[in-house]
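J.: Assemble the complex: chain A is given as a structure, and chain B must be docked to it using the hints.
Here the protein sequences line up with chains A and B, keeping their order. Mapped onto this note's numbering, the consecutive letters of the first sequence carry residue numbers 1 to 372. Mapped onto this note's numbering, the consecutive letters of the second sequence carry residue numbers 1 to 388.
One thing to keep in mind: the hints can contain errors.
Stated by the list, open to error - Some chain B residues flagged as far from chain A (calculated, every beta-carbon gap over 12 Å):
#1 T14
#2 T72
#3 A80
#4 C111
#5 D127
#6 G204
#7 K212
#8 G222
#9 H225
#10 Q270
#11 D301
#12 K312
#13 A340
#14 R373
#15 S378
Claimed, not checked - With beta-carbon atoms standing in for the labels, derived distance ranges:
#16 B:E160 with A:G75: 50 to 60 Å
#17 B:E48 with A:A225: 56 to 66 Å
#18 B:A231 with A:G46: 29 to 39 Å
What the hints assert, rightly or not - Now the stretches of chain A that chain B is said to cover, found in silico as 3 or more residues with beta-carbon under 8 Å:
#19 72-81
#20 125-134
None of these hints come from the bench; they were simulated from the model. Glycine included, C-beta positions come from ideal geometry on N, C-alpha and C.
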Amino acid sequence: MPNPQTIAVAMSGGVDSSTVAAMLRAEGHNVIGLTMQLWNQRRLAGHEGMPEQVTGRCCSLDDVYDARRVAEHIGIPYYVVNHEERFERDVVRPFVAEYLSGRTPIPCSLCNNHLKFDQLLVVAQQIGADRVATGHYARVEYDENSGRWLLKRPTDRSKDQTYFLFGLTQEQLSRTLFPLGGMTKPEVRELAHKQGLALAEKPDSQEICFVPGGDYKRFIDAYLAENGEALPDTAGELVTESGEVIGEHGGIHNFTVGQRKGLGVATGSPLYVIQINGADKQVIVGSDEHLYSRTLRARRVNLISVEDLHEPIQVSVKIRHRHEPASAMLEKVGDDDDEVLVTFDQPQRAITPGQAAVFYAGDIVVGGGWIS
Amino acid sequence: MPRIYLDNNATTPTLPEVLDAMHPYFGEHFGNASSIHHHGQETRAAVERARDSVASLLGCRPAEIVFTSGGTEGDNLAIAGLTNAGDHVITSSIEHHAVLHACKHLEEIGCEVTYVPVDGRGLVDPDDVRRALRSNTKLISIMMANNETGVVQPVEGIGEIAAEADVYFHTDAVQAAGKVPIDVNRIGCDLLSISGHKMHAPQGVGALYVRKGTRLEPLFYGGRHERSRRAGTENVPGIVALGKAAESARQGFERGDDQKIAALRDRLQQGILAQTEEAGVNGDGAPRVPNTSNIYFDHIDGEAMVISLDLKGLAVSTGAACSSGANEPSHVLLAMGLRADRARASIRFSLGKQNTAEDIDIALALVPETVARLRELSPVCGKHAIKA
Numbered sequence: 001m002p003n004p005q006t007i008a009v010a011m012s013g014g015v016d017s018s019t020v021a022a023m024l025r026a027e028g029h030n031v032i033g034l035t036m037q038l039w040n041q042r043r044l045a046g047h048e049g050m051p052e053q054v055t056g057r058c059c060s061l062d063d064v065y066d067a068r069r070v071a072e073h074i075g076i077p078y079y080v081v082n083h084e085e086r087f088e089r090d091v092v093r094p095f096v097a098e099y100l101s102g103r104t105p106i107p108c109s110l111c112n113n114h115l116k117f118d119q120l121l122v123v124a125q126q127i128g129a130d131r132v133a134t135g136h137y138a139r140v141e142y143d144e145n146s147g148r149w150l151l152k153r154p155t156d157r158s159k160d161q162t163y164f165l166f167g168l169t170q171e172q173l174s175r176t177l178f179p180l181g182g183m184t185k186p187e188v189r190e191l192a193h194k195q196g197l198a199l200a201e202k203p204d205s206q207e208i209c210f211v212p213g214g215d216y217k218r219f220i221d222a223y224l225a226e227n228g229e230a231l232p233d234t235a236g237e238l239v240t241e242s243g244e245v246i247g248e249h250g251g252i253h254n255f256t257v258g259q260r261k262g263l264g265v266a267t268g269s270p271l272y273v274i275q276i277n278g279a280d281k282q283v284i285v286g287s288d289e290h291l292y293s294r295t296l297r298a299r300r301v302n303l304i305s306v307e308d309l310h311e312p313i314q315v316s317v318k319i320r321h322r323h324e325p326a327s328a329m330l331e332k333v334g335d336d337d338d339e340v341l342v343t344f345d346q347p348q349r350a351i352t353p354g355q356a357a358v359f360y361a362g363d364i365v366v367g368g369g370w371i372s
Numbered sequence: 001m002p003r004i005y006l007d008n009n010a011t012t013p014t015l016p017e018v019l020d021a022m023h024p025y026f027g028e029h030f031g032n033a034s035s036i037h038h039h040g041q042e043t044r045a046a047v048e049r050a051r052d053s054v055a056s057l058l059g060c061r062p063a064e065i066v067f068t069s070g071g072t073e074g075d076n077l078a079i080a081g082l083t084n085a086g087d088h089v090i091t092s093s094i095e096h097h098a099v100l101h102a103c104k105h106l107e108e109i110g111c112e113v114t115y116v117p118v119d120g121r122g123l124v125d126p127d128d129v130r131r132a133l134r135s136n137t138k139l140i141s142i143m144m145a146n147n148e149t150g151v152v153q154p155v156e157g158i159g160e161i162a163a164e165a166d167v168y169f170h171t172d173a174v175q176a177a178g179k180v181p182i183d184v185n186r187i188g189c190d191l192l193s194i195s196g197h198k199m200h201a202p203q204g205v206g207a208l209y210v211r212k213g214t215r216l217e218p219l220f221y222g223g224r225h226e227r228s229r230r231a232g233t234e235n236v237p238g239i240v241a242l243g244k245a246a247e248s249a250r251q252g253f254e255r256g257d258d259q260k261i262a263a264l265r266d267r268l269q270q271g272i273l274a275q276t277e278e279a280g281v282n283g284d285g286a287p288r289v290p291n292t293s294n295i296y297f298d299h300i301d302g303e304a305m306v307i308s309l310d311l312k313g314l315a316v317s318t319g320a321a322c323s324s325g326a327n328e329p330s331h332v333l334l335a336m337g338l339r340a341d342r343a344r345a346s347i348r349f350s351l352g353k354q355n356t357a358e359d360i361d362i363a364l365a366l367v368p369e370t371v372a373r374l375r376e377l378s379p380v381c382g383k384h385a386i387k388a
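Bound conformation, chain B alone:
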């Protein structure tokens, strides 16, 4: 059975060239990047080359990059590192839990948090952010691209508002990095987090852009790594991989990889909608990253759909990756105004650089047929409808 992977917003396969780049740093070049000797110098140089590469992807200076363990750490470092009891923070109702739960924690320690809503397309209105500003507002944290819908937020407009109000602006760009070009100065953000494994580097590495002059309290105490912003011996193979993945991403934009992925995504989306009734795109009408399509199929149970497709070799998801079996309807889709049953009937398809036209053909052969079978067997509308 061929296995087709269309869940790249959960994680991506490490690109062969990225794996090749990191490989020597497990054995051949094993030094601690803080060591004085030759071994340390070798790995220090590799870490700094990677920093240059990530900085070029984001349009910032290398010194403004802090390597982290991933998106969650970057989000937490940005949020917890800037705020104190009594501060006010503005975020949105559709953030990833790495931001939402960090903000919930802030509320527990005496901060105030405003969660701005989104419209039916999943977009934050910058005017809502402006109206939420208070005299004690310290930070705005609004994501660049949503992980479930792929909807790209008006971050530049929010950046202007933050600058006018002299408030820090953090954006979680985990689902944007590698998919759309990023320029921290155009966005006007002070902090921006990215994650390696969402852009074809391995799990366990990420980076946080911290604008020069931003005073950030660290999450960990220890050595003076990363200019005392992130203690702990550097994950050199991971950092090298992130540097290589950033380089690949930049080259990809030059080649037009993003347009190719968008074309595949559009064909998948149109093919599914053409063959399936009572289905539609969540976030339709909003700008989206090129790889993501979140589609509702009324009268199906998304969980059963994911399992059925997996048993046929197609990997997709109902939303955020969650292994514990929690089945709360997606907070993102609910915030967009979807009914709970439609939110539960929504499936996220997310493509990566490795996906081919043939993958899309196979998905198009599987998805409409599976939807039809699930609907036929649905307790809500099928022939086995449960009698009250």
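If we strip away everything but chain A, and leave its shape as in the complex, we get:
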């Protein structure tokens, strides 16, 4: 090992980040394990619709236990750092507010922007670590030609997490390592076995870490109740594209664009949510063809591979995590690069406000923004 560095590894107690810690340790780096305690999984236990016991989730005692055992096994110092307050302020609150305004949020991106690659980088720097490594499937590279740090899609496309990482700044990327970017998940599990990690076969986590069972509606109810806040009345009308009122709904946060089930109206042809109008609490429904659109606008744009958008560029754009990037033109709206217009070659189904639009040039992440 020519250049041993001091690297903080964000350890969640899962296979990926545990393997990262073991790999870097085996390479001779000075590794410090850090687990971010972000949410008390027992906090809403007992509220209506919330499970009494939640196990095997991020930030659960079980996961901290697993991470600690890995750290002990590979012989690195390990600490739990508590950032529950910041997580609630920057991730949970906006998550609830977005749904209540009729949008469909992505808490994982907020967590990456505000916690993992901001707060954790600060902690890492404070405790003397040059860089932070995580178990994300993505690649980061320095491009000599442009002088910029690039975020790229990983070898294992099925695990690609770049969609959630579009908010990383140049400064953050320069201090981040994604050691799994060139590996497939089966290779990671195999390496975990080789390193003697007891959790090599631990299942992947899928859901939003703080929403037990994935039922976000019940989570919002329980969260507001716990804070002594009433669920705002966002009930309103179900309206067709042509403006005809065909029924009522119990609250806009129960809907997401493209949703078919649970509309509570019976019609001859299937109806979908086309648009949610937060201001007058209307849910606009229509047939499948109305779901398609050729353009979107994204705000709070972060550019990675390019410094600015002085002229329109051809990219492919991903509008949700499980979406095959679609060819489009990207151009800025107004003078700065904060807002962009995306014009797809082919209309795209269910472009959903609150989700991210992430722009790619091949494997390279050009940037991304929040669909407005």
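T.: Below, chain B alone, put in the same frame as chain A:
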């Protein structure tokens, strides 16, 4: 890398003479202290010698000592053992969780609890205790020395109030025992808990002083151990160790060990404050046990400070030992009126008998430098300040 341990309020290393004393009771003298035969007699004698020793440390009769598993058990036995639904209990807002959470439980089962406040120095006002008395007050439980700040409470004044009102008085003396002389009769308490591992005996043993004539319901049911106040086969090696640690503590007071520790603590505290701006002592102006200094360093995150220092070989803490990563700002410091950010920026240094002048030198070389680096990198005030 030398490792310096300044977290003796969390736990202390077992003294070599204590380890030597307990060692034979794992193998050579293994008997059950309740057995009739020779083996039992041997260990019974050892347990009773230890009881004598602990009684002399506390100034009570040996029969008034109940051996426990530690401070938490002693606190719980005292509190739960005396109270019933409908009783009123007075405690303070700065107690250890062993007392606070026991009192929360009492509230759940139908008791009323008054939590008296502290002033900015961390001191309970005995007059507040007097004013909180009610006709159904059964128990006052106020700690002798606080675990986070080391502030020593006016327990003698509270003892007088309890005696006048004919109310039981329990004091959690876990952080006082071995650090300052204790005399249960001067304090005027009916119950007093201590813990072995805070005074250079091992973890897993403690004692509760129970004034003669105090009727206490046990926590456990079983054999008639400890005069039916604490069922369960005695932890003989632990009890022997506690007895030896109590003897060492008494000898230490005669030698003036407490003054030596106070001198080291004062040098550490003054050295840190001389080299660090925007820092100060929590509990300044109040009487404190000689080994503890709780210092705030504005604009730092205490958690990052503890980790940074640990990576350099210095063990300190942000307050009560907690491995789960909970980061509630200290209830003790908040009760003293500190802002949450200052409470989170506070570090507890606590010395033990094993610490040397060289340890303090090393700590003084590490702490101000680490504070400076953390401040430079602070999201609040450093060059990497987060833009809103």
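J.: Now tell me, hint by hint, if it's right for this structure.
T.: Against the structure, the hints:
Every CB of chain A is more than 12 Å from the CB of T14 (chain B) (nearest about 23 Å), matching its label as outside the interface. A cut-off of 12 Å between C-beta atoms confirms that T72 (chain B) is not in contact with chain A; the least separation is 20 Å. A80 (chain B), annotated as away from the interface, keeps every beta carbon of chain A farther than 12 Å; the closest lies near 24 Å. The non-interface label for C111 (chain B) is consistent with chain A: the shortest C-beta to C-beta separation is roughly 23 Å, beyond 12 Å.
At roughly 35 Å, the least C-beta separation between D127 (chain B) and chain A is larger than 12 Å, which holds for a residue marked as non-interface. The non-interface label for G204 (chain B) is consistent with chain A: the shortest C-beta to C-beta separation is roughly 22 Å, beyond 12 Å. Every CB of chain A lies more than 12 Å from the CB of K212 (chain B), the least distance being 44 Å, so the non-interface label holds. Once the 12 Å rule is applied to beta carbons, G222 (chain B) is consistent with being away from chain A; the minimum gap is 31 Å.
No beta-carbon of chain A comes within 12 Å of the beta-carbon of H225 (chain B); the shortest separation is about 34 Å. Look at Q270 (chain B): its CB is around 26 Å from the nearest CB on chain A, clear of 12 Å, so calling it non-interface holds up. Its beta-carbon lying about 7 Å from the closest one in chain A, D301 (chain B) breaks the requirement of being farther than 12 Å from that chain. Remark: the non-interface label on K312 (chain B) conflicts with the geometry, its nearest Cβ contact in chain A lying 8 Å away (cut-off 12 Å).
With a least beta-carbon separation of about 9 Å from chain A, A340 (chain B) fails to lie farther than 12 Å from that chain, contradicting its non-interface assignment. With a minimum CB-CB distance of about 7 Å to chain A, R373 (chain B) fails to clear the 12 Å threshold, and the non-interface call is violated. With 12 Å as the threshold on Cβ separation, the claim that S378 (chain B) sits away from chain A is violated: the shortest Cβ distance comes to roughly 8 Å. Checking the proposed 50 to 60 Å range against E160 (chain B) and G75 (chain A) shows it holds: the Cβ atoms sit about 56 Å from each other.
For the pair E48 (chain B) and A225 (chain A), the beta carbons lie near 57 Å from each other, so the given range of 56 to 66 Å is met. Judged by the Cβ atoms, the range 29 to 39 Å given for A231 (chain B) and G46 (chain A) holds: they are separated by roughly 34 Å. Under a criterion of three residues with beta carbons nearer than 8 Å to beta carbons of chain B, the stated coverage of the region 72-81 of chain A is upheld, 4 such residues being counted. Counting residues of the region 125-134 of chain A whose CB falls under 8 Å from any CB of chain B gives 4; the rule of at least 3 is met.
In summary, the structure is inconsistent with hints 11, 12, 13, 14 and 15 from the numbered list given earlier, while agreeing with the others.
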